[in-house]
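Asks: As given, the protein sequences belong to chains Y and V, one line each in that order.
Mapping to our numbering: the first sequence position 252 is 287, numbers consecutive.
Mapping to our numbering: the second sequence position 128 is 343, numbers consecutive.
Errors might be hidden in some of the hints.
Below, in silico cross-link-like pairs of lysine to aspartate or glutamate (DMTMM-like), each with a Cα-Cα straight-line distance of 25 angstroms or less [to be verified]:
{"#": "1", "chain 1": "Y", "residue 1": "Lys322", "chain 2": "Y", "residue 2": "Asp361"}
{"#": "2", "chain 1": "Y", "residue 1": "Lys424", "chain 2": "V", "residue 2": "Asp315"}
{"#": "3", "chain 1": "V", "residue 1": "Lys467", "chain 2": "V", "residue 2": "Asp415"}
{"#": "4", "chain 1": "Y", "residue 1": "Lys173", "chain 2": "V", "residue 2": "Asp315"}
{"#": "5", "chain 1": "Y", "residue 1": "Lys180", "chain 2": "V", "residue 2": "Glu506"}
{"#": "6", "chain 1": "Y", "residue 1": "Lys376", "chain 2": "V", "residue 2": "Asp476"}
{"#": "7", "chain 1": "Y", "residue 1": "Lys173", "chain 2": "V", "residue 2": "Asp289"}
{"#": "8", "chain 1": "Y", "residue 1": "Lys312", "chain 2": "V", "residue 2": "Glu485"}
{"#": "9", "chain 1": "Y", "residue 1": "Lys383", "chain 2": "V", "residue 2": "Glu294"}
{"#": "10", "chain 1": "V", "residue 1": "Lys301", "chain 2": "V", "residue 2": "Asp315"}
{"#": "11", "chain 1": "Y", "residue 1": "Lys648", "chain 2": "Y", "residue 2": "Glu622"}
{"#": "12", "chain 1": "Y", "residue 1": "Lys648", "chain 2": "Y", "residue 2": "Glu672"}
{"#": "13", "chain 1": "Y", "residue 1": "Lys173", "chain 2": "V", "residue 2": "Asp379"}
{"#": "14", "chain 1": "Y", "residue 1": "Lys123", "chain 2": "Y", "residue 2": "Glu104"}
{"#": "15", "chain 1": "V", "residue 1": "Lys426", "chain 2": "Y", "residue 2": "Asp421"}
{"#": "16", "chain 1": "Y", "residue 1": "Lys249", "chain 2": "Y", "residue 2": "Glu141"}
{"#": "17", "chain 1": "Y", "residue 1": "Lys268", "chain 2": "Y", "residue 2": "Glu255"}
{"#": "18", "chain 1": "Y", "residue 1": "Lys180", "chain 2": "V", "residue 2": "Asp318"}
{"#": "19", "chain 1": "Y", "residue 1": "Lys424", "chain 2": "V", "residue 2": "Glu485"}
{"#": "20", "chain 1": "Y", "residue 1": "Lys180", "chain 2": "V", "residue 2": "Glu294"}
{"#": "21", "chain 1": "Y", "residue 1": "Lys173", "chain 2": "V", "residue 2": "Glu344"}
{"#": "22", "chain 1": "Y", "residue 1": "Lys173", "chain 2": "V", "residue 2": "Glu340"}
{"#": "23", "chain 1": "V", "residue 1": "Lys333", "chain 2": "Y", "residue 2": "Glu255"}
{"#": "24", "chain 1": "Y", "residue 1": "Lys249", "chain 2": "V", "residue 2": "Glu506"}
{"#": "25", "chain 1": "V", "residue 1": "Lys426", "chain 2": "Y", "residue 2": "Glu425"}
{"#": "26", "chain 1": "Y", "residue 1": "Lys487", "chain 2": "Y", "residue 2": "Asp421"}
{"#": "27", "chain 1": "V", "residue 1": "Lys426", "chain 2": "Y", "residue 2": "Glu104"}
{"#": "28", "chain 1": "Y", "residue 1": "Lys173", "chain 2": "V", "residue 2": "Asp330"}
{"#": "29", "chain 1": "V", "residue 1": "Lys301", "chain 2": "Y", "residue 2": "Glu425"}
{"#": "30", "chain 1": "V", "residue 1": "Lys467", "chain 2": "V", "residue 2": "Asp254"}
{"#": "31", "chain 1": "Y", "residue 1": "Lys592", "chain 2": "Y", "residue 2": "Glu675"}
{"#": "32", "chain 1": "Y", "residue 1": "Lys249", "chain 2": "Y", "residue 2": "Asp233"}
{"#": "33", "chain 1": "Y", "residue 1": "Lys168", "chain 2": "V", "residue 2": "Glu340"}
{"#": "34", "chain 1": "Y", "residue 1": "Lys424", "chain 2": "V", "residue 2": "Asp289"}
{"#": "35", "chain 1": "V", "residue 1": "Lys467", "chain 2": "V", "residue 2": "Asp433"}
{"#": "36", "chain 1": "Y", "residue 1": "Lys641", "chain 2": "Y", "residue 2": "Glu621"}
{"#": "37", "chain 1": "V", "residue 1": "Lys274", "chain 2": "Y", "residue 2": "Glu183"}
{"#": "38", "chain 1": "Y", "residue 1": "Lys366", "chain 2": "V", "residue 2": "Glu294"}
Since the hints were made in silico from the structure, they are not lab data.
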Amino acid sequence: MSIPFLLEIGTEEIPDWMIVPALNHLQDTLQAILDQQSLGGKVTSADATPRRLVLRAEGLLERQPDVEELVSGPPKSAGPNAAAGFAKKNAATLEQLIVQSTPKGEYYFLQKRTQGQASAAVLAGALPDLILKIPWPKTMYWNGKGSERFIRPIRWLVALLGDAVVPFEIAGVRSGNTTVGHRILGNPSILVTIADFDEQLRTNGVILSAEQRKRKIETEIAGLLDGKGLRIKPDPDLLHTLAYITEFPTPILGSFDRSYLDLPQEVLITVMRHHQKYLSVEDSSGKLAPHFIAVMNTNADPDGLVRHGNERVLRARFNDARFFWDQDQKKPLTARLEDLKAVTFQAKIGSYFEKTERVVALVKELGGDDDAQRAAQLAKCDLTTDMVKEFTDLQGIVGGLYARAQGEVEEVAQAIYDHYKPLSMEDAIPSTETGRLVSLADKWDTLTECFKVGMAPTGSRDPFGLRRAAQGVVRIVVEGKAKFDFPGAGDELREFMRDRIEYYFRDVRQFPYDEVRACMAVGWTDLIDLLSRLATVRGIRPTPDFEPLAASFKRIKNILRQANFEGGVAFRKDLLKEGPEVDLYEEIQRTKGNKLASRVASLRPKVDFFFDKVLVNAPEEDVRRNRLTLLHNLLTEFSEIADFSEIVTERQAS
Amino acid sequence: MTNPDSPLPTSHSPTFQETVFRLKKYWSDRGCIIQEPYDVEVGAGTMAPETFLRVLGPKPYNVAYVQPSRRPADGRYGENPNRLYKHQQLQVILKPSPADVIDQYLGSLAAIGIDLRKHDIKFEEDNWEAPTLGAWGIGWQVMLDGLEVTQFTYFQQCGGFDLDLVPAELTYGLERLAAFLQNVESVYDIEWTPGVKYSDVRFLDERQFSKYNFELADVAMLWQLFDLHEKECTRLLKEPEAVLPAYDQVLKCSHVFNLLDARGAISVTERVGVIGRVRRLALGVAKAWIEQTVPAAESLA
């Protein structure tokens, strides 16, 4: 018989960003339990709202299958007492034992049959652990010291195997077949079966599927904006959040006074998005419109009270922003430089004033012009503004907007505006060369200073975002084609940068790892050059002669290593023997300056032939050394591009 | 000034004091002691001993009180419609937190005239932490039509101690709530009682204390006071039965610190050190409170 299973963990509101990882964990772990316990069945869905995590599985067995096994006991020679002891230990009688001969002699055995447990009983034992071991970022207790911990209090549990409740208890809550509806729209106590669970929730104001909630939001927004020449600014992350802070989302369209559009749209959007979780609305030309979309956790706003309330809150927030803007203009950025002495960058490193001085010097050292130096000087001044104190996400952006308003040249303003970029892998690098230079210098200063005082990231701990800073450095240098050779980096930071560069080319740019290793092995501090070598190797990799030649290089490297040969011997043409040796030498000479692909093609047969016919370790010492020198020179010549011995050839891989 | 295009009738909205009465009655009906505000300056209802000390130890305690909360740096001379140097919180402590605590909370909103079927209520993650008190908890900001009206916290630690029973702390921002209920744009336009506005009662207070906090407070004297209160607290903590007076001295230190901060008299580097001094005192008081009261409570039980 094949039975369906359903588990619902009912809680108080779980933070939206933790829900999906928890669901994934639950799904995987339940499947592992089903497999390990031989219960049969597949987990078929995992859904959630802020108040419930729901798993379903299909095709469970009613009981675990019985297990037959042959248990070996003492040797027959050990006598009847030993046999009796063995039987007793396995809850069997002496008569049930059998004697079999083995290579070591005759032994007692027991054909043991273990009866499978009822699936309900196995699940009842396993589910509390499954639930309590979800790895949440931060947990709480609610029943007194030492009691169970979870992300928020567990208030109800539904656990059904077919029609029967799987009985267990967590923190005083017993599992059952009663769920809870939406706080306002639903019934607080609803009897459910596996078959009618979703439907019962739906009639009680809960849409269980996050995808359906997202679709409901999107469809209804389209309806709200239809025919108005408006659209929302796409924001998948916010849409995701909205779907996970609601059980029954319903969007409403609100408005604000046009006069607020005088404020920079970055500020308006930040207020709406970060503080109020509103989607921004724009007109068909992409200009911000005086409207917003709020998403309610209920089905309607019959009297317009919700819209009115949200508009009222937004007005107060915008007024604050306008107040901050006006206040901040009273003291221009240039006058705030001195104030940075009181703003700590990091306790062991010093203030933002000192950081600014270092970054300006670095910008200059990297060839930055007056604009770049000016931008570096003013870049951190917005940290003392009311606007940034209130909306910290807008650091840099506010500085850029203020610089523009205060008459700085556009190049300077834009560089300040962009200098925190890129904020993520998806984010663009600064749009101007000046911006890239300031951003690069700022990040590099953070990295060198933090490493100097021993604050390198460890494991998953990276409180200063140094990995992100390093990734920004790599991207700006490569994608912005900047000249940069990691000035002032100690060994630890160089090693750290090396890892980030390898990660970038391998995981972001999708170069095969062995090509990245091969190219980096011969040098990585000039990233532009590294990129062009990577492109070269990628170009010749599919040619038929490449991998065999790479294998030969590996062989050359081994021969040189075994001979302890490091070059330094003058090559003598007169010692070459006619045949493969001279052929190889002449081919090397002839193809000098040719494209790599054609060199690989023409050299490969000569190298093969050489190894076939020529004994490198010739008895005559001078001949031997000359051959080693020939190979060494060949290797060195190709090593300007990559260490080809790092290439994983097919023979090795298989 | 009420909002001109308002769809809300304001005539049925409760006055400021009526709102307070109803909330007190509501929680009184649910077994809370109704306390009066603590009479030493505090920055939040959490700091009153009815919360800070009573959440410690194994004894259940349910209490509600209005706590005027002073935050000198937030003063705006009575000129900002939403920011106040002193605002009033209604603080509810339910120790231990009952299983239906959220339903009880939603009931309190209904009691002050909010029909939740016509509004949008959400519980958004917001964990609370007060480093000076060695206290933190897990919870939410409760959003009503996009406005944060309550901070809801399950206390986990206070004075550096894991709590024996987990209290739920509900902190209602009364001015915000009243402005919302009465649909006014400025807290000063809240009707306190018929014919009397919030500004009639509190405007001078805001104006004069803003001036004092930002301009007149004598910095040298404040530093002296801080030292004196700190010394007194340390002395009292050595006495066998003076933990409540000692805690008053902690509150004094904390308020003086806030005044110095508003005066811009504390540099960034000093700040950490001064916060550390207040914290040490608060942790000392929490420890003494447990030592002095818990055996007694257990013998009563």
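Asks: With reference to the structure, classify each hint as holding or not holding.
Replies: Against the structure, the hints:
A C-alpha spacing of about 23 angstroms is found between Lys322 (chain Y) and Asp361 (chain Y), which places the hinted pair at or below 25 angstroms, so the restraint holds. Restraint check for Lys424 (chain Y) and Asp315 (chain V): not satisfied, since their Cα atoms lie roughly 38 angstroms apart, outside the 25 angstroms limit. For the hint pairing Lys467 (chain V) with Asp415 (chain V), the CA-to-CA distance comes to about 29 angstroms; that exceeds 25 angstroms, so the pair is violated. Distance check on the hinted pair: Lys173 (chain Y) and Asp315 (chain V) sit about 23 angstroms apart at the alpha-carbon level, within 25 angstroms; holds.
Among the hinted pairs, Lys180 (chain Y) with Glu506 (chain V) is consistent with the structure: their alpha-carbon atoms are about 18 angstroms apart, no more than 25 angstroms. Among the hinted pairs, Lys376 (chain Y) with Asp476 (chain V) is consistent with the structure: their alpha-carbon atoms are about 18 angstroms apart, no more than 25 angstroms. Distance check on the hinted pair: Lys173 (chain Y) and Asp289 (chain V) sit about 31 angstroms apart at the alpha-carbon level, beyond 25 angstroms; violated. With a CA separation close to 37 angstroms, the supplied pair Lys312 (chain Y) and Glu485 (chain V) exceeds the 25 angstroms bound.
Taking the CA atoms of Lys383 (chain Y) and Glu294 (chain V), the gap is about 41 angstroms. The hint is violated against a cut of 25 angstroms. Taken as a hint, the Lys301 (chain V) and Asp315 (chain V) pair is broken in the structure, with Cα atoms around 32 angstroms apart against an allowance of 25 angstroms. With a C-alpha separation of about 16 angstroms, the suggested pair Lys648 (chain Y) and Glu622 (chain Y) falls inside the 25 angstroms cut-off, and the hint holds. Distance hint between Lys648 (chain Y) and Glu672 (chain Y) is fulfilled; the C-alpha atoms sit about 23 angstroms from each other, no more than 25 angstroms.
For the hint pairing Lys173 (chain Y) with Asp379 (chain V), the CA-to-CA distance comes to about 19 angstroms; that is within 25 angstroms, so the pair holds. Note on Lys123 (chain Y) and Glu104 (chain Y): the hinted pairing holds, with a Cα-Cα distance of about 17 angstroms set against a maximum of 25 angstroms. For the given pair, Lys426 (chain V) sits about 20 angstroms from Asp421 (chain Y) by alpha-carbon distance, which is consistent with the 25 angstroms threshold. For the given pair, Lys249 (chain Y) sits about 70 angstroms from Glu141 (chain Y) by alpha-carbon distance, which is inconsistent with the 25 angstroms threshold.
For the hint pairing Lys268 (chain Y) with Glu255 (chain Y), the CA-to-CA distance comes to about 15 angstroms; that is within 25 angstroms, so the pair holds. Simply put, Lys180 (chain Y) and Asp318 (chain V) have alpha-carbon atoms about 24 angstroms apart, close enough for the 25 angstroms limit, and the pair holds. Straight-line distance between C-alpha atoms of Lys424 (chain Y) and Glu485 (chain V) comes to about 20 angstroms, which keeps the hinted pair within the 25 angstroms bound. A hinted pair counts as satisfied when its Cα atoms are at most 25 angstroms apart, and Lys180 (chain Y) with Glu294 (chain V) does not qualify at roughly 47 angstroms.
For the hint linking Lys173 (chain Y) to Glu344 (chain V), the alpha-carbon distance of about 14 angstroms falls within 25 angstroms, and the restraint holds. For the suggested pair Lys173 (chain Y) and Glu340 (chain V), the alpha carbons sit about 12 angstroms apart, so the restraint of at most 25 angstroms is met. Among the hinted pairs, Lys333 (chain V) with Glu255 (chain Y) is consistent with the structure: their alpha-carbon atoms are about 19 angstroms apart, no more than 25 angstroms. Restraint check: the Cα-Cα separation between Lys249 (chain Y) and Glu506 (chain V) comes to about 54 angstroms, which exceeds 25 angstroms; the hinted pair is violated.
Between the alpha carbons of Lys426 (chain V) and Glu425 (chain Y) the distance comes to roughly 23 angstroms, so the proposed pair stays at or under 25 angstroms and holds. For the given pair, Lys487 (chain Y) sits about 32 angstroms from Asp421 (chain Y) by alpha-carbon distance, which is inconsistent with the 25 angstroms threshold. Note on Lys426 (chain V) and Glu104 (chain Y): the hinted pairing is violated, with a Cα-Cα distance of about 87 angstroms set against a maximum of 25 angstroms. A C-alpha spacing of about 34 angstroms is found between Lys173 (chain Y) and Asp330 (chain V), which places the hinted pair above 25 angstroms, so the restraint is violated.
With a C-alpha separation of about 20 angstroms, the suggested pair Lys301 (chain V) and Glu425 (chain Y) falls inside the 25 angstroms cut-off, and the hint holds. Among the hinted pairs, Lys467 (chain V) with Asp254 (chain V) is consistent with the structure: their alpha-carbon atoms are about 11 angstroms apart, no more than 25 angstroms. Distance check on the hinted pair: Lys592 (chain Y) and Glu675 (chain Y) sit about 15 angstroms apart at the alpha-carbon level, within 25 angstroms; holds. For a cut-off of 25 angstroms, the pair hint linking Lys249 (chain Y) to Asp233 (chain Y) stands: about 17 angstroms separates their Cα positions.
For the proposed pair Lys168 (chain Y) and Glu340 (chain V), the alpha carbon gap of about 21 angstroms is at most 25 angstroms, so the pair holds. About 14 angstroms separates the Cα atoms of Lys424 (chain Y) and Asp289 (chain V), which keeps this hinted pair within 25 angstroms; it holds. A distance of roughly 16 angstroms separates the Cα atoms of Lys467 (chain V) and Asp433 (chain V); the hinted pair therefore holds under the 25 angstroms criterion. Between Lys641 (chain Y) and Glu621 (chain Y) the CA atoms are separated by roughly 10 angstroms; this keeps the pair inside 25 angstroms, and the hint holds.
For the hint pairing Lys274 (chain V) with Glu183 (chain Y), the CA-to-CA distance comes to about 20 angstroms; that is within 25 angstroms, so the pair holds. At roughly 21 angstroms between alpha-carbon atoms, Lys366 (chain Y) and Glu294 (chain V) fall within 25 angstroms of each other, so this suggested pair holds.
In this structure, the earlier hints numbered 2, 3, 7, 8, 9, 10, 16, 20, 24, 26, 27, 28 are contradicted, and the remaining ones agree with it.
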